[in-house]
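Undergrad: Chain order of the listed sequences is S and B.
Residue 362 in my numbering sits at position 362 of the first sequence, with consecutive numbering throughout.
To convert, take the position in the second sequence, counting from 1, and add 1000; that gives my numbering.
It should be emphasised that the hints constitute simulated quantities derived from the structure, not laboratory data.
Any given hint could be a false lead.
Here are the simulated SDA-like cross-link-like pairs (lysine to any residue), alpha carbons at most 20 Å apart as the crow flies [unchecked claim]:
| id | chain 1 | residue 1 | chain 2 | residue 2 |
| --- | --- | --- | --- | --- |
| 1 | B | 1284 | S | 237 |
| 2 | B | 1351 | S | 271 |
| 3 | S | 237 | B | 1237 |
There are 2 protein chains.
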Amino acid sequence: MNLFDYVDSKTQEHLSDLYEFLRIPSISAQSQHKPDIERAAQWVAERLRRVGLDSVEILPTKMHPLVYGESLHAPGKPTILFYGHYDVQPADPLDLWTSPPFEPTLRDGQLFGRGTADDKGQVHIHIRALDALRQVTGKLPINLKVLIEGEEEVGSENLWDFVQANKARLKADALIVSDTSMLARGVPSITYGLRGLNYYQIELTGPAQDVHSGVFGGAIPNPLQVLTELFAKLHDKNFRVAIPGFYDRVATLSRAERKALNALPWKEKEFRKTVGAPGLAGEKGFTIVERLWCRPTLELNGIWGGYIGEGAKTVIPSKAYAKFSTRLVPLQEPKEIARLVERQIRRLLPKTVHCKFQTLSMGKPWVAAYTHPYFQVARDALEKGFKKRAVFIREGGSIPFVTQMHDTFKVPCILLGFGLPDENAHAPDEHIALENYFGGIKAVASFYEGLGNLK
Amino acid sequence: MNLFDYVDSKTQEHLSDLYEFLRIPSISAQSQHKPDIERAAQWVAERLRRVGLDSVEILPTKMHPLVYGESLHAPGKPTILFYGHYDVQPADPLDLWTSPPFEPTLRDGQLFGRGTADDKGQVHIHIRALDALRQVTGKLPINLKVLIEGEEEVGSENLWDFVQANKARLKADALIVSDTSMLARGVPSITYGLRGLNYYQIELTGPAQDVHSGVFGGAIPNPLQVLTELFAKLHDKNFRVAIPGFYDRVATLSRAERKALNALPWKEKEFRKTVGAPGLAGEKGFTIVERLWCRPTLELNGIWGGYIGEGAKTVIPSKAYAKFSTRLVPLQEPKEIARLVERQIRRLLPKTVHCKFQTLSMGKPWVAAYTHPYFQVARDALEKGFKKRAVFIREGGSIPFVTQMHDTFKVPCILLGFGLPDENAHAPDEHIALENYFGGIKAVASFYEGLGNLK
């Protein structure tokens, strides 16, 4: 039996095993889910053992454990480090899910559930590809190191300490990650650029306690109002981030790259449909693809303060809060950007409020030349697995680990993404297309096989 | 025994009865407290019966019941309508209360608990004053109608329908309300002006569902950002409300009134201490007292949207929300202001978001000349009860009923307030000073007695 026939013959087994994984609510941001995080780590370790990896370990960190395993029995063949994450985003707002977030549900060829696309489904593609290679050929065609973490959705801080302390152990000829999306349905894609991410939170304090808006209104600073005025000043009328120095290090796109990116089979109509807003917005002077992949942003991710319950409460609150983030592009420096953001916010705020500013996480942007032969093997494998032409793309999201690994080991990072942009990663009704999940298993198996055949 | 000696002799009885009332969490804005609202109405009705009112009734409305009772056995004497409310504001944020909001607690001469100042404590002052008159003199010196409602904190809508349908029954020579504050500790006060209140809520929708801020950020409308830009445009740099037409009908203060208000024993230092903010704010060209009592405002009361939990979530939400209100002054018209506010908001919003605009409630401002003899009786009664000079003041809060009654019956409205501005009405740790609670009982008893003695 060849690899693809084997994969096709195990459809039910792939899915029932994936369902088990998806049912564990391993939300890394919420401390009450710590036991689920532990269960998910154990589940991954058990699966790595089953597909034949040696010395599989669950490695505790200051927060959530890492899972590591390896198979080094292919002398002379490439050594590949595969990275993924078993943690997921919070599931709220729960009332907007059509089926429960942790009860995987099939509808119209899509599998719905938190983590289906980001990233449990994609990690599982690799587990099943390794299983197929083992069942069909009896061995792995390459040397493989697998590192699956539990803090990707909260900034991957402890992962990095681990890598620094284990450079020799993790050394490989390439890094493979499946945590991104394809350009569109039917367009298998290799991502060669990611934005970086800094995440911030501020707390503004006006009056020392909540006060009556009738008795005090008109003469005291309202922190909610101050918050709105602050964020209104952080963009200019062309949707550029209005923070001095923010764009100073942003690399200009080459004419060739700009042309290549804008020639991709990317459909604005589909994008508009996915967004579903009355209109689009964004930085003047750039196409939508450029705005999404190659331009930095500052976005509010959450705001709150005052009375947010049913009905009316005539209060001026003591405090107002915002969570927000900057997406960074080459060659912006996260630490410098965090400094510029905080400086400008403190400069803009009136003296009538106190401000507590926190940088919750920082991550660098990344972009790679895709000239290494492994990229060609990856492209061929995608085209075999999906029976479609594959393309090279960038992405607007962030995987700090990729940047860090690239900076540390100076090896190719190959991002084989099997999600789709409209699959609601980080939102209610997250899902993955079954055709991409199954195509992904075939492509990844082909990719490892192809790397083993490289002369 | 004279009236004041009687009041002094019943200190424990006053308080233990008040505690019972305060322990009922009669929050009108939250539907889960409906049974508590019913209990509070029954409690009030029972007390009105005990002090000798006839035909006490609990009158159902579309939302929360009214309590009504009367005593009309003083022919030739004035007929007074006393109005108060038994409902209270929501108690959240609960974690900021030093003692539980519905467990009355004495500390340093202050009684803490939701409703102590606004308005259960002040309603109770009248109940105890009536009790004292009855116990000491055997009868009421005037004709009295008492109307206590349960929707003051949510806009008093059904109260007004009741008044319209019962004009003959409610007819009186004056309206007495105790739901305001004294100017300061030791300064008994009669309020002759109130601001009106319109309360609004908006819901902005950008993308059709929450989306990943990396995958979509930079090219789509973020409703949180749009919300901040909207509210930043609703004030100008002089803290004036930037809504065309908003100030068109605002009456100019007379030189005499301006002088009188600014000569009151009002202490800015105390005010700053109460607020506890790093600085004050407000409309240029007006003193703090004028800003608080005589100038209209637009204040955010609550904002929310996106991820507001622990840690980070890289989301651009579909929706952003704000609750906000305008305080109105003579001669602004609530309906016109609501129209102007909605028109300006729709004008300012970009076409990239949908907006749902709601006016949750509307209420007119009120101001009275205090030349009627009843005002002098009130002043004398306050000076007797408190042994201090009494003053005439305005207030920044809103009691829609006062305006409506004044417009309908064209009779004097006399606002005898026994709260203090720093007693956290509508905020955690609401309280009332015991000296004002006891002084209030004496003043109200004196007032009713004085009205009975008027020739």
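Undergrad: A separate judgement is required for each hint: does it hold in the structure or not?
TA: The hints, checked one at a time:
1. B/1284 with S/237: violated, 28 Å
2. B/1351 with S/271: holds, 18 Å
3. S/237 with B/1237: holds, 19 Å
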